[in-house]
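Trainee: Keeping the supplied structure of chain H fixed, place chain B upon it in accordance with the hints.
For the protein sequence lines, the chains are H and B, in the order given.
Numbering of the first sequence is given in this note's numbering, commencing with residue 1 and proceeding in unit increments.
Numbering of the second sequence is given in this note's numbering, commencing with residue 1 and proceeding in unit increments.
Take the hints with a grain of salt, since some may be wrong.
Facing chain B, from chain H, some residues (calculated, C-beta under 7 Å) [claimed, not checked]:
| # | residue |
| --- | --- |
| 1 | Asn55 |
| 2 | Met79 |
| 3 | Ala81 |
| 4 | Gly82 |
| 5 | Pro84 |
| 6 | Ser113 |
| 7 | Leu120 |
| 8 | Ala122 |
| 9 | Phe130 |
| 10 | Ile142 |
| 11 | Leu144 |
| 12 | Ile158 |
| 13 | Asn160 |
| 14 | Ser162 |
| 15 | Pro164 |
| 16 | Ala165 |
By construction, these hints were calculated from the structure, which means they are not laboratory data.
Given the structure is predicted, the values throughout are model-derived calculations rather than measurements.
Even glycine gets a Cβ: it sits at the ideal position worked out from N, Cα and C.
2 protein chains.
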Amino acid sequence: MKKINTYLFSAAAGILMVTALNSCTQKTDEAEETIATTEFNLETAKAEIEEANKNFMALVAAGDSVGLANAYTIDAKFMSAGAPSVVGREDILSAMAGIVNSGITKADIRLESVYGTEDLIAEEGELTLFVGDQAVAEEKYIVLWKKEDGKWKLFRDIFNSSLPAE
Amino acid sequence: MKKINTYLFSAAAGILMVTALNSCTQKTDEAEETIATTEFNLETAKAEIEEANKNFMALVAAGDSVGLANAYTIDAKFMSAGAPSVVGREDILSAMAGIVNSGITKADIRLESVYGTEDLIAEEGELTLFVGDQAVAEEKYIVLWKKEDGKWKLFRDIFNSSLPAE
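Only chain H is shown next, with the shape it has when bound in the complex:
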């Protein structure tokens, strides 16, 4: 089972098949549940999240704090390091303006894995922030994504430095 679970998480393309064949918790008698499950595809969701990240990076490059705030759900929580959480899109707009005004010109976001369902995707990855050509932060993150108006948006966003504090 452990081996199967590892496979399940490392080879997302096979997730539906593996779930159907092997899950401890698979319902054998519930056709409707099975159909609902097969309609969600984690690979597709991953591609959509990659696309959302590209959009996010473009907004950082454009210094568009309003666009960045709109990438978050209305009830999002931006769990920035070195500060309390910022809750709600209005306050997140201020946080995004702060980041843009701090001189960050580029974010290189590298998705590593996604997990979850159509209701909630958890993404893990790493990112580098730049001021001009200069990398100023190396971080890892987890983002919880939710769909709002049919679009994946950041619902929870937490990250920390991968480098020792100076």
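Mentor: Chain B alone, transformed into the frame defined by chain H:
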């Protein structure tokens, strides 16, 4: 201390028992499993995560780095602030020993919300770390939990300080 160790021993024995009873690979009749799935309830999962957190806090108080490492899945990622991610239970054991040896005597973990399904739970919350009576860190976190051998374990664990860097 002795009481906690006794408890841990009982818990470990319980895990083995649960493993023997529930392991997919040892079960041919899936009727009970099907019932369990249909009954997945996020409130129940939340209570189970609360219980896992209590256990985690007891392990911190006991300075039990082996027990703490075993609270993580075998393929877990401990995404500590100020350092690269630590991957796998073996290296996480070293990280836990480091925390125990740093003099942390208490972790106050406060779950705020959980999201997800029987395959993956995302938890958000806040925690305070203590050395004796002295709070030495105020943090927020997201943990992704997965079931391993029928027990919720930390699969991804990321946190950062809610206070400005000194």
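Trainee: Holds or violated: is the Cβ of H:Pro84 closer than 7 Å to a Cβ in chain B?
Mentor: Interface hint status for H:Pro84: holds (5 Å vs cutoff 7 Å).
Trainee: Tell me if H:Leu120 is really an interface residue toward chain B, meaning its C-beta lies closer than 7 Å to one of theirs.
Mentor: holds, 5 Å
Trainee: Given H:Phe130 was flagged as interface, is its beta-carbon under 7 Å from a beta-carbon of chain B?
Mentor: violated, 19 Å
Trainee: Using the nearest Cβ pair, does H:Asn160 come within less than 7 Å of chain B?
Mentor: With a minimum Cβ separation of about 4 Å from chain B (threshold 7 Å), the hint on H:Asn160 holds.
Trainee: Report holds or violated for the interface hint on H:Leu144, using the least CB-CB distance to chain B and a cut-off of 7 Å.
Mentor: holds, 6 Å
Trainee: Mind checking the CB of H:Ser113 against every CB in chain B and telling me if the closest is under 7 Å?
Mentor: violated, 9 Å
Trainee: With 7 Å as the cut and Cβ atoms as the points, is H:Pro164 at the interface with chain B?
Mentor: Hint holds; H:Pro164 Cβ to chain B Cβ min 5 Å, cut 7 Å.
Trainee: Does H:Ala165 hold up as a contact with chain B if the rule is Cβ-Cβ below 7 Å?
Mentor: Cβ of H:Ala165 sits 5 Å from chain B, so the hint holds.
Trainee: Was the hint right that H:Ala122 lines chain B, CB cutoff 7 Å?
Mentor: holds, 5 Å
Trainee: Is the shortest C-beta separation between H:Ala81 and chain B less than 7 Å?
Mentor: This hint holds: H:Ala81 lies near chain B, its Cβ roughly 4 Å from the closest one there, short of 7 Å.
Trainee: Hey, does the H:Ile142 contact hint survive, CB to chain B under 7 Å?
Mentor: holds, 5 Å
Trainee: Taking the least C-beta to C-beta distance, is H:Ile158 closer than 7 Å to chain B?
Mentor: holds, 5 Å
Figure legend: structure checked against the earlier numbered hints; hints not met, in rising order: 1, 6 and 9.
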